[in-house]
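Chemist: The chain contents come next:
2 protein chains.
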Amino acid sequence: MTRIFLFAFLSLGLAGGALAADLSLPARVLPAPHSDDISPQMQAIIANPPNPNVNPLWKTGEEARVSADAGAVAAVQRIPGLLERLGLTMTAETIGGVRVHVITPKTLPAANRARLLVHVHGGCYVLSPGEAGTIEGILMAGLGHFKVISVDYRMPPEAYFPAALDDAMTVYRAALKTAGPKRVAVFGTSAGGALTLEMMLKAKALGLPMPAAIGVGTPMADATKVGDSFYTNEGIDNVLVSRDGFCDAATVVYAHGHDLKDPLISPIYGDMHGFPPAILTTGTRDLLLSNTVRTHRKLRRAGVEADLNVYEGESHAQYGRGDNIPETREAFGEIAAFFAKHMAR
Amino acid sequence: MTRIFLFAFLSLGLAGGALAADLSLPARVLPAPHSDDISPQMQAIIANPPNPNVNPLWKTGEEARVSADAGAVAAVQRIPGLLERLGLTMTAETIGGVRVHVITPKTLPAANRARLLVHVHGGCYVLSPGEAGTIEGILMAGLGHFKVISVDYRMPPEAYFPAALDDAMTVYRAALKTAGPKRVAVFGTSAGGALTLEMMLKAKALGLPMPAAIGVGTPMADATKVGDSFYTNEGIDNVLVSRDGFCDAATVVYAHGHDLKDPLISPIYGDMHGFPPAILTTGTRDLLLSNTVRTHRKLRRAGVEADLNVYEGESHAQYGRGDNIPETREAFGEIAAFFAKHMAR
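Chains A and B are the protein sequences, given in the same order.
If you count the first sequence from 1, position 85 lands on 85 in the working numbering, and the numbers rise without skipping.
If you count the second sequence from 1, position 325 lands on 670 in the working numbering, and the numbers rise without skipping.
These are computed hints drawn from the structure, not numbers from a lab.
Watch out, some of these pointers could steer you wrong.
Here chain B is said to cover these stretches of chain A; the calculated rule only asks that three of the stretch's residues, wherever they fall, bring their Cβ under 8 Å from a Cβ of chain B [to be verified]:
| no. | segment |
| --- | --- |
| 1 | 21-31 |
| 2 | 44-55 |
| 3 | 228-237 |
| 4 | 288-297 |
| 5 | 307-313 |
Keeping only pairs whose Cα atoms sit at most 27 Å apart, straight-line, the calculated DSS-like set for lysine-lysine is [claimed, not checked]:
| no. | chain 1 | residue 1 | chain 2 | residue 2 |
| --- | --- | --- | --- | --- |
| 6 | A | LYS341 | A | LYS182 |
| 7 | A | LYS341 | B | LYS686 |
| 8 | A | LYS182 | B | LYS686 |
Where a beta carbon is used, it is the ideal one built from N, C-alpha and C, also for glycine.
Looking at chain A on its own, in the form it has when it is part of the complex:
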């Protein structure tokens, strides 16, 4: 690999009159990582070409829903095999009018019998409707041996901000009643990671108790495109690819005119004092690496016990790709162990 020569120049910054330096980077070829500590399965995922579907820049909930339904087909097809391999049953129910899927291990360890996880799925607030949204919940139920309630929150065009959060809160309240706060944990990835944080802000505002722990997977914690890895990992993250891609368009559709800097959409701007112990997960190529580490730092500054795990070479949310991937088993195992450590029996 030849050395890259750099040309840097100073320019007057864009924000606040501060002097900012832009860095001109030359074109380059980036090899896929191939260290011994990345599994062959994950190496293949990392080596995938960039997501070719980065460009559906939906303008309406109706447009987004067409894509969401199309994308859900493959996800739903995976579910029977997943449930069987992981020894789970899943039922569709409603809780306080909110659609949920209840995922239950056929054998539940004694320590987890009274414990309950609330799962809020990802998908930029518009993707993974219905059963398609349960896969992360299924993986956690199966790999962590917990009972999981996965919230099938309303999405555009059925409803817009704050419907997803309201639905999640309805299920959270029910979980508090069923299991008690010390036996409840909440988790999710991407929009689900943001929703997990938003739920804590909302619970604080409502005077509800915090759960025992939260799992915050690479959260969409800042919808205003602040976060250095939106730039440094542009085109390198092969899932989200660009900060100006589908996920940004989807968030604008969900917000439906609401201020994107509202902490209930960009929870990095909320007050995290009093949050429960949190475990955060991301990867070095993740477009949301910065927003994960910014959230981690904000939690630490608020005195919250917070663990951060960053996986080598992984793009956005790739740790959750499947039960047959060593890094998925490892990451979910670590999150489950964190929950078990902090939850009452």
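Got chain A sorted already, so can you dock chain B onto it with the hints?
Modeler: Relative to chain A, chain B alone:
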């Protein structure tokens, strides 16, 4: 900022016959990050143009030493002011024939009176001789309120691998005798982070007790250029800039023909079972981000309690830039709190 269009192609991989995908990235302009949660001082450091001194590719210890002495002048000039502002005294001594600087707070909290930190400085195994190597130790003594012994280990051309490690072990043995293992912690950054890990491997091999905790700053844990951020952050890290720069050349000089994959030079390849609790620190733009998170993961897999803090936008070791920088006070405060939590009084 216009969207970047990507051209990706598959190629037969270089290693092990695996199919690897290289990613062709176009030229681009990277703005300096300017989020509200980065201090103005750190924003200015992050916005610095890339280190223009990336190219002295030393071939001998003598060549490296000329650069080291030149670079030490500015560092040494900072020391009197640092000691005064932080309320410290510093004396040059020897321990078992090894040169050290003993850094002592003028007022030592009762909890820290019997505690002792061993500091191994960074500088790619060839830079920061003499007093120039004490700055990180001074910052920790002053910001963490600990007594610190900073090891002025022999460097090329005075001596080569494993002299640095041998000198550090001599001081570590003495610290064990003085304070007892439960009151000792070891820390360092970059080559000092690698040396900290190497010391633990060596202590295990020698049957010496582990210290109470270690602080592993962005360690040069893999001298074989494995680690994805060597590529993803190439030209973005404004300190190290390139994996083929001065630090790589320096490590080869230090190794002096020894296998770079030896765990005592690349500790990522060592067995970390039984290591003490560790706190790791890096930044999103760090060329060694990957080797920090790989080390973190390896520690976790070995059952070691390990905290990882990743600072937004920072390049290699920028968290340690100065006592007047909020991120330095924060990072050293977090490391000090971790030590205090794990050390006996």
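Chemist: Does each hint hold? Answer for all of them.
Modeler: Against the structure, the hints:
no.	hint	verdict
1	21-31	holds (count 11)
2	44-55	holds (count 5)
3	228-237	holds (count 8)
4	288-297	holds (count 6)
5	307-313	holds (count 7)
6	A:LYS341 - A:LYS182	holds (11 Å)
7	A:LYS341 - B:LYS686	holds (18 Å)
8	A:LYS182 - B:LYS686	holds (25 Å)
When each numbered hint is compared with the structure, no violation occurs for any of them.
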